[in-house]
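The listed protein sequences derive, respectively, from chains L, R, Y and C.
Here my numbering is used: the first sequence runs in plain steps of one and ends on residue 298.
Here my numbering is used: the second sequence runs in plain steps of one and ends on residue 596.
Here my numbering is used: the third sequence runs in plain steps of one and ends on residue 894.
Here my numbering is used: the fourth sequence runs in plain steps of one and ends on residue 1192.
These are computed hints drawn from the structure, not numbers from a lab.
There's no promise every hint is true.
As the list claims (entries may be wrong) - Result set (BS3-like, lysine-lysine): computed pairs, CA atoms no more than 30 Å apart in a straight line:
#	chain 1	residue 1	chain 2	residue 2
1	C	K1100	Y	K678
2	C	K1125	Y	K627
3	R	K384	R	K504
4	L	K131	R	K508
5	C	K980	Y	K682
6	L	K59	R	K329
Each chain, written out:
Protein chains: 4
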Amino acid sequence: MNINGVHIDDTFAEAFGMKATRVLVTAQNLKWAYHAANAATGFATSVIACGCEAGVERKLEPTESPDGRPGASMLFFAMSSKELAKQLERRIGQCVLTAPTSAAFAGIDGGEPIPLGKNLRFFGDGFQLSKLIGGKRYWRVPVMDGEFLVQETTGMVKAVGGGNFLILADSRPQALAACEAAIEAMRQLPNVIMPFPGGVVRSGSKVGSKYQALMASTNDAFCPTIRGITKSELAPGIESVMEIVIDGLTDADIRGAMRAGIAAACTLGAANGIRRISAGNYGGKLGQFHFQLREIMG
Amino acid sequence: MNINGVHIDDTFAEAFGMKATRVLVTAQNLKWAYHAANAATGFATSVIACGCEAGVERKLEPTESPDGRPGASMLFFAMSSKELAKQLERRIGQCVLTAPTSAAFAGIDGGEPIPLGKNLRFFGDGFQLSKLIGGKRYWRVPVMDGEFLVQETTGMVKAVGGGNFLILADSRPQALAACEAAIEAMRQLPNVIMPFPGGVVRSGSKVGSKYQALMASTNDAFCPTIRGITKSELAPGIESVMEIVIDGLTDADIRGAMRAGIAAACTLGAANGIRRISAGNYGGKLGQFHFQLREIMG
Amino acid sequence: MNINGVHIDDTFAEAFGMKATRVLVTAQNLKWAYHAANAATGFATSVIACGCEAGVERKLEPTESPDGRPGASMLFFAMSSKELAKQLERRIGQCVLTAPTSAAFAGIDGGEPIPLGKNLRFFGDGFQLSKLIGGKRYWRVPVMDGEFLVQETTGMVKAVGGGNFLILADSRPQALAACEAAIEAMRQLPNVIMPFPGGVVRSGSKVGSKYQALMASTNDAFCPTIRGITKSELAPGIESVMEIVIDGLTDADIRGAMRAGIAAACTLGAANGIRRISAGNYGGKLGQFHFQLREIMG
Amino acid sequence: MNINGVHIDDTFAEAFGMKATRVLVTAQNLKWAYHAANAATGFATSVIACGCEAGVERKLEPTESPDGRPGASMLFFAMSSKELAKQLERRIGQCVLTAPTSAAFAGIDGGEPIPLGKNLRFFGDGFQLSKLIGGKRYWRVPVMDGEFLVQETTGMVKAVGGGNFLILADSRPQALAACEAAIEAMRQLPNVIMPFPGGVVRSGSKVGSKYQALMASTNDAFCPTIRGITKSELAPGIESVMEIVIDGLTDADIRGAMRAGIAAACTLGAANGIRRISAGNYGGKLGQFHFQLREIMG
């Protein structure tokens, strides 16, 4: 399969079951809503060392936000309900409760309720007030700039983490340009985040290492500078590979994001040094979700 | 004391000894350097729940960066050397090593060396190469987009955390405008970060709580909405209070940042609803550094 | 009429018939599309001295843009067909044709066709090529970075310029905060631009001046600093007034934008120093469109 | 000459004498200062169709701005004193006087004085007030949000327009990446602007055209898509060329900017598809300034 001169590998991305939730943060203006959202979803590229994977899903227009103010929608993914709840409490407590003019709301109505303001309310030291609107409970926690309005819970759902694809190019600027095109296209879609910095990861890994203490190490088969001294997957001329990892609420969301991202990367085409699209997997044994590139792009 | 109609309280900010380090990240362009730096310093508003306090200190021009590329300078603060080293390894490993086109360098030459690439190099699975330039060791770690160049260590120094001041205003938009003016002025100064979202915290806390499990709770004396039901510090008319917290490499750095920030906030003056500048302390018993507002602004 | 403590004046905005067109610009990524669009719509706050009023209407997602790349939608308004055509040729020629990786497309299918690439194509010095796709003509003009793809014409329609409302507040930061809220809400809506810097104008004018050469001068009745020496419209305590001017494709578009903007400004309310909403008119004699504030907000 | 595998042509850029001035705009915060500055310097890529060439020179920190507020420094270039004065009055009048919270100051103390607020003050309709501080005259013009403070004059000096260099690359994304690196490096330097959108122009022109009405047309010798049908300057493999044009206060400023920009572009090097640096000239007969690439990079 070939799109605009770019070879699409006959392979698949392997992804895992996760737990996810969405939180909406609003503020006096968009700038301050994003200050809160960026802080709360920072240092969240990988569950292993960050506790969760998180990101801003999209801008929230005043007309669609719960309190008529501009805001941002955040998605959080973790490997267990317990870890997700722990990360959420910490991140909302440190980065949204603290942020000037902010408020926080459930972004998923159904699912299993997990605490949003339920525990944070105690910061009010007994001065917090509860109100019930349309069957939903909110807390008004007194803070120095006025009140922090926060919904009691948000909804937790099953989700999918680790959708991915690789872009192989003649040079770094070309791989980066294709990634930027892909990320811009994928950011339009709801229910997904690309958790790495700017949405892109360049340090793909394989399971295991020659150092026993390490569980993972550089994916040497895809590293262009050591092509001559390892069993390489890279044809001559390919000098840079970048990966886009996707977490989504459902496998259909991941599929849609992969399709949009790969299509956008391929608009640059072979004329701009984009050679090949591949994907990362573990032979299909570890993850319950398999995303076949050719099926998705077919 | 009164600046442009703004009352300066006769009080002091109380701050603590910390450990700090600086890391420089560069990339193909400024956008991607900031993607890495923002991720690495995200979720780092308070040592208690985030492990460290961190932020982007400033933009790094190509002419002053170690590899002639644009970049960003990051500062990290923690309560102990051990915690700082742990946080640094995780955050650089998850958010800079992974970021396309990035490289990472020591931002402090002296001080006590702590690992920067020293442990991250093992990700190279034996393919990493060392080089010694001008007596400093660097690692070239093969990654998919080429190589991750990272200096072996960076310098750790004693530092000061928790400098602060409070802005008391007639309304939220006015307090926020004064904070924005303060933050813009403070961002010019080297050696300091303001770790909360956008540089501002609106949920000031007191030690202790009516709930035994909580070590801290809302600073009710400065919360305008409960003025009538608690022992308030707020005169009538003050409806919003915001705080700026500062971590700096030295007490002189904090002093300079407080001076610049308070001066900028006061340019808005009483005519724009800015009424009073105060500061947070614990009676002077906990922190070894005391920053007297009137001495600083004198 | 009163919204959240903000008085809505019983008055109307007076607006004029104009000619308008929309042009879509795409590029390799959003950043470069916006570089082109911002340049092309710069210095375009008022028809009198700028030739046209122009602005970025909204971001264009890759999935909805004509060539599958990210882009921006621009609106241009002028007092006559001739002036609009002249401004369009200059602005697209200087700021889009010149911009790296850009392409330009019609943003209005119907209406009266006016030249987009029709004259710009001659820049190709005879090397330009025409292609007809789906009944629409495009030009491929050879440029140094490859080709400038540009549609032959775009559609011109009747439109409305000069919709407006005034926000009266206790202080500048409060008026500005209300304007920011209004602009963020209005930016969601299609078919309108707010042509002044950042969407806001603070130098409202009246017709005529004590200086005979000037056709307009400061609207002294709304200037707080000269309240004591002129016939003022401002009650005591109002220290800052800002205006939002709106150009739209139809009067319904202006009406919708005014409603969204006033509603957003009023969310800040009297508690944040927002006192009154008014509007600018010339007694109803000059402009054919009258927008009654209370009818719009009713 | 060869830098990092990039061939430096033995040629020169040809530039012209111009008139220039600098204006400083400040505002309540950086965002609004930039709204004003971006509008005032928009649609100003080329003197021929825009009247002047203009751009934001740099951010202005509160500590260095005339009124202690954040701001932006703008440079304006025109072919004559008269045209410069006309453009300045229009652009400051339409885009700075109108911008909420703004003030405008001279950015050049010496030189020949040209009106800044001198004529704009009449907008105050007789309510404007003059004040003399340190021998400089300022006007306080009453406007709706308070007062527009504007210095009476700014300084005009001789300047140089049209410094330039060309980047020749294997593909568009590579040429664009090199331009971004160059622009980021050049933006650090004082006294220069790069007036095209984002600093880059892709539609280089030659004098004359096969169409008699046109004075300039596409520089076909540097257009890759018509290489086979014209007398091309492009070696096989070069598929994209972009140009950076520089206006500066002195020829030394242009020289410095060219050096910084070319050096930054060359850091990407041949490994990233950057092949050659050239420059645009008219055989040396039209412009009084010649910038030899090899001398500058020597």
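Evaluation of the provided hints:
Taken as a hint, the K1100/C and K678/Y pair is honoured in the structure, with Cα atoms around 29 Å apart against an allowance of 30 Å. Annotation: proposed proximity of K1125/C to K627/Y is violated, straight-line Cα distance about 34 Å (limit 30 Å). Restraint check for K384/R and K504/R: the C-alpha separation of about 29 Å stays at or below 30 Å, so the hint holds. Pair hint K131/L plus K508/R holds up; C-alpha atoms about 21 Å apart against a cutoff of 30 Å.
Note on K980/C and K682/Y: the hinted pairing holds, with a Cα-Cα distance of about 20 Å set against a maximum of 30 Å. Proximity of K59/L to K329/R is assessed by CA-CA distance (about 19 Å); at most 30 Å being required, the pair is judged to hold.
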